[in-house]
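Chains A and B supply the protein sequences, listed in that same order. With my numbering, letter number 303 in the first sequence gets 303, and the count goes up by one each step, no holes. With my numbering, letter number 33 in the second sequence gets 33, and the count goes up by one each step, no holes.
Please note that the accuracy of each hint is not assured.
Said to hold, decoys possible - Using 25 Å as the maximum straight-line C-alpha spacing, the simulated SDA-like pairs for lysine to any residue come out as follows:
#, chain 1, residue 1, chain 2, residue 2
1, B, Lys63, B, Ala31
2, B, Lys3, A, Gln30
3, A, Lys141, A, Ile236
4, B, Lys63, A, Phe32
5, B, Lys3, A, Leu272
The hints are simulated quantities; they were obtained by calculation from the structure and are not laboratory data.
Here is how the chains run, residue by residue.
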Amino acid sequence: MKQSITIGSAELSNPVLTASGTFGYGLEFQEFFDVGRLGAICTKGLSLEPRLGNRPTRIAETPAGMLNAIGLANVGVEAFCTEKLPKLQDQGVTVVANIFASTTKDFVAIAERLARESGVLALELNVSCPNVSEGGIEFGKNPNMCAELTAATKAATDTPIWVKMSPEAPSIIAVAQACEDAGAEAITAINTIRGMRIDIAKRQPVLARGMGGFSGPSLKPVALRIVYELAASIGIPIIAIGGISTTEDALEFLFAGASAIQVGTASFIDPLAAHHVRVGIENYCEAHQLNASDLIGLAQAAKK
Amino acid sequence: MKKLITAPLLDREEIGAGYHVLTFDAPDSPAAAPGQFLMMRATSWGDAPLLPRPMSYLSGGDKPQVLIKVIGEGTARMATAQPGEEYSLLGPLGKTWPESTLGKTPILVAGGVGVAPLVFLARRFQAQGVQPVVLYGGRTDQDLPLSDLLDSIADLHVTTEDGSRGDKGRVTGPLMSMLNDSVEIFTCGPDRMMAAVATIAQERQVPCQASLEAPMACGFGVCLGCPVMKTSGEYLYTCVDGPCVNAADIDWNADQ
């Protein structure tokens with residue numbers, strides 16, 4: 001059965017992607033499986049200049065989940081273009097560049113730099129990082145700011161723009177609709193939710209930054225509810241993310257109305273998680289004689 | 001090359017004071033070298049505890065071993081694991097201890113559960129016909145797992161803070177008296193111990209290798225959870241740039 005999926009003007013070979021920040025620059029996983037077989041990988045968030053990231057402690061475990069406050073440590077867009085992207089292209093990997101900045105001007109500059117390269121399928125605007133003091137989540141909470149950013153970035157490049165939602169926006173639907181109106185081709189939902197842990201012995205937060213982004217299997221019901229609501233409210237495709245570890249998790253999100261899914265934290269626990277989900281969806285489609293695109297939104301009440 | 005395998009626990013030996021040696025039956029395990037580590041979790045854990053635990057190899061081969069100390073939820077479960085229980089093992093990961101400098105006498109400085117990669121290293125020295133000196137420190141004689149094993153393959157010196165075994169005090173005392181131009185140090189233990197050892201090594205201009213420990217989710221350079229500050233002002237990542245590093249490259253005073 002056909003596994004290809006259309007996301008705006010982009011065609012993906014299948015609906016399984018990997019989430020930014022959980023898959024490095026893709027190259028780290030080539031020892032485990034052929035990453036080129038995935039629908040796409042989303043890079044670690046790229047900034048205009050390299051970033052060291054936050055001081056440790058950066059991660060902590062929670063019940064069926066984890067917290068991270070990495071602070072967008074990354075090589076910077078220039079090194080990505082010269083050192084990482086050529087290797088990814090050589091290996092046939094479909095790349096979505098996740099980009100981050102604290103100002104619209106810098107978002108545009110990153111988009112312009114990436115526009116000079118071939119082989120970037122889409123730009124995923126990270127307007128929802130909880131772990132940096134400027135920009136990030138402030139963009140993602142405000143429909144007007146998000147729309148302006150989407151339009152400005154879109155004007156700077158021919159590459160499709162996807163926008164990654166913060167679950168902490170007062171109205172995610174309003175933010176997503178604003179992005180759609182401003183020309184975004186897809187919505188990625190959701191980024192992490194801010195959470196924290198406290199060290200009883202030290203009587204202080206475990207993470208050096210106090211709070212961090214909460215991810216993993218325990219996030220799934222919240223993400224699924226948001227995707228389900230978004231799917232009924234916007235016209236552009238949704239790429240779902242939030243606690244997806246297995247084929248069954250992925251199917252729930254597709255049935256909720258997502259056109260594709262991202263495997264995130266699960267890749268830390270099993271580097272082959274995304275591969276297994278891709279194969280699992282393919283098997284499901286064969287067993288039920290459905291194309292992958294037929295799975296989208298099967299559980300939406302409106303369709304009953 | 002690293003590989004993700006599933007292997008049954010062959011044996012769990014409780015060696016006292018919350019320490020256990022776990023042995024796996026892993027005929028398809030890739031070869032591991034002293035200093036490398038693996039990420040491990042039992043299949044039965046399901047979604048909680050979620051993350052695999054980084055553990056240094058105590059020995060490699062097709063029956064790899066790790067030494068664990070009960071610290072949290074993951075190690076508590078490992079400490080009650082029964083033979084036959086299935087584990088996922090991802091390894092070998094990280095940088096090995098470097099080969100020793102020709103003609104130098106290795107001094108291995110160990111603290112607590114940090115002894116594991118040094119036992120593996122001592123075995124390599126033994127196989128090379130070199131008898132290393134091992135300086136092993138603990139709070140009490142309860143905090144010296146595998147000391148009998150080390151006594152049989154190395155020139156072992158023990159210190160305890162309460163004087164219940166060996167010299168009373170810390171490893172740094174005897175270490176000072178052993179340093180000269182023909183020795184080099186390999187250390188693994190609590191950060192404060194390694195920082196003290198590294199400082200002494202630097203003052204006396206003795207080469208010193210350290211095996212770092214940091215929380216991490218993945219073990220292969222992706223989660224970025226395990227940064228350690230270098231003297232250059234940049235971070236290294238314990239999983240891929242370590243765990244074995246030149247102690248002189250580390251900013252031991254950084255908040256980490």
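Item to complete: Find the hints from earlier in the document that the structure breaks and name them by number, from lowest to highest.
Response: Going through the list in order, the structure violates no hint and respects every one.
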